[in-house]
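Enquirer: Sequence:
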Amino acid sequence: MNQINNSKKIYHAAIYVRLSKEDGDVATAGKRESNSISNQKDLIKNFLKDKKDIVVVSERVDDGYSGSNFERPAFQMMLEDIKKGIVDCVVVKDLSRFGREYIDAGKYIERLFPALGVRFIAVNDHYDSLEGKSQADEIVIPFKNLINDAYCRDISIKIRSHLEVKRKNGEYIGAFTPYGYQKDSDNKNKLVIDA
Numbered sequence: 001m002n003q004i005n006n007s008k009k010i011y012h013a014a015i016y017v018r019l020s021k022e023d024g025d026v027a028t029a030g031k032r033e034s035n036s037i038s039n040q041k042d043l044i045k046n047f048l049k050d051k052k053d054i055v056v057v058s059e060r061v062d063d064g065y066s067g068s069n070f071e072r073p074a075f076q077m078m079l080e081d082i083k084k085g086i087v088d089c090v091v092v093k094d095l096s097r098f099g100r101e102y103i104d105a106g107k108y109i110e111r112l113f114p115a116l117g118v119r120f121i122a123v124n125d126h127y128d129s130l131e132g133k134s135q136a137d138e139i140v141i142p143f144k145n146l147i148n149d150a151y152c153r154d155i156s157i158k159i160r161s162h163l164e165v166k167r168k169n170g171e172y173i174g175a176f177t178p179y180g181y182q183k184d185s186d187n188k189n190k191l192v193i194d195a
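Numbering-wise (my numbering), the sequence shown opens with residue 1 and increments by one.
Everything labelled a hint here was simulated from the structure, so no lab data went into it. Heads up, some of the hints might be wrong.
[Stated by the list, open to error] Taking lysine-lysine pairs in the PhoX-like style, the calculated list, with each CA pair at most 20 Å apart, reads:
hint	residue 1	residue 2
1	LYS52	LYS41
2	LYS183	LYS166
3	LYS183	LYS168
4	LYS49	LYS8
5	LYS107	LYS83
6	LYS9	LYS49
7	LYS84	LYS9
8	LYS190	LYS166
9	LYS8	LYS52
10	LYS168	LYS188
11	LYS84	LYS51
12	LYS41	LYS9
13	LYS8	LYS41
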């Protein structure tokens with residue numbers, strides 16, 4: 001006699017969080033991680049607390065890594081866990097925390113994860129790949145990834161132009177001073193001879 005299996009699949013999830021720049025509070029307060037990273041984790045855990053079909057098996061944190069590429073240490077460790085069959089669900093705060101590079105983000109979300117049987121959840125974007133793609137998702141998810149990519153490029157252009165203005169004004173923009181000089185105590189963009 002055939003028995004019908006009514007049990008739901010249990011997903012083994014990796015919580016993935018990322019922040020482009022370290023918060024100032026990490027270095028100054030001697031904290032292990034930035035407030036934004038902690039907040040992302042809390043938001044995801046709160047979302048998952050009543051999801052009986054998801055068990056968290058790992059937390060992967062890239063604190064201080066850009067989303068403009070996927071060569072991030074914790075992201076790569078998560079991919080290894082997926083390849084080993086340890087993880088079959090990835091949960092992020094939103095698509096921008098997953099990555100800001102349009103083509104690669106789409107490759108993972110729309111091709112690689114489905115091919116590997118990985119469920120993908122972006123909490124604030126109300127996206128869960130298990131629920132299937134609606135016509136809106138077909139447009140909205142790639143569009144959000146495109147916006148995230150454009151935002152990253154826009155910020156990069158603004159920073160470069162800001163630094164160019166400082167250089168043209170004769171301001172020092174380096175992180176470290178050359179030998180024999182120090183930064184002026186009143187103006188960090190001015191060098192003085194180290195006497």
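Enquirer: Does each hint fit the structure? Answer for all of them.
Expert: Evaluated hints:
no. : hint            : result
1   : LYS52 - LYS41   : 18 Å, holds
2   : LYS183 - LYS166 : 15 Å, holds
3   : LYS183 - LYS168 : 18 Å, holds
4   : LYS49 - LYS8    : 17 Å, holds
5   : LYS107 - LYS83  : 16 Å, holds
6   : LYS9 - LYS49    : 17 Å, holds
7   : LYS84 - LYS9    : 18 Å, holds
8   : LYS190 - LYS166 : 11 Å, holds
9   : LYS8 - LYS52    : 9 Å, holds
10  : LYS168 - LYS188 : 16 Å, holds
11  : LYS84 - LYS51   : 24 Å, violated
12  : LYS41 - LYS9    : 24 Å, violated
13  : LYS8 - LYS41    : 25 Å, violated
Hints 11, 12 and 13, counting from the list given before, are not met by this structure.
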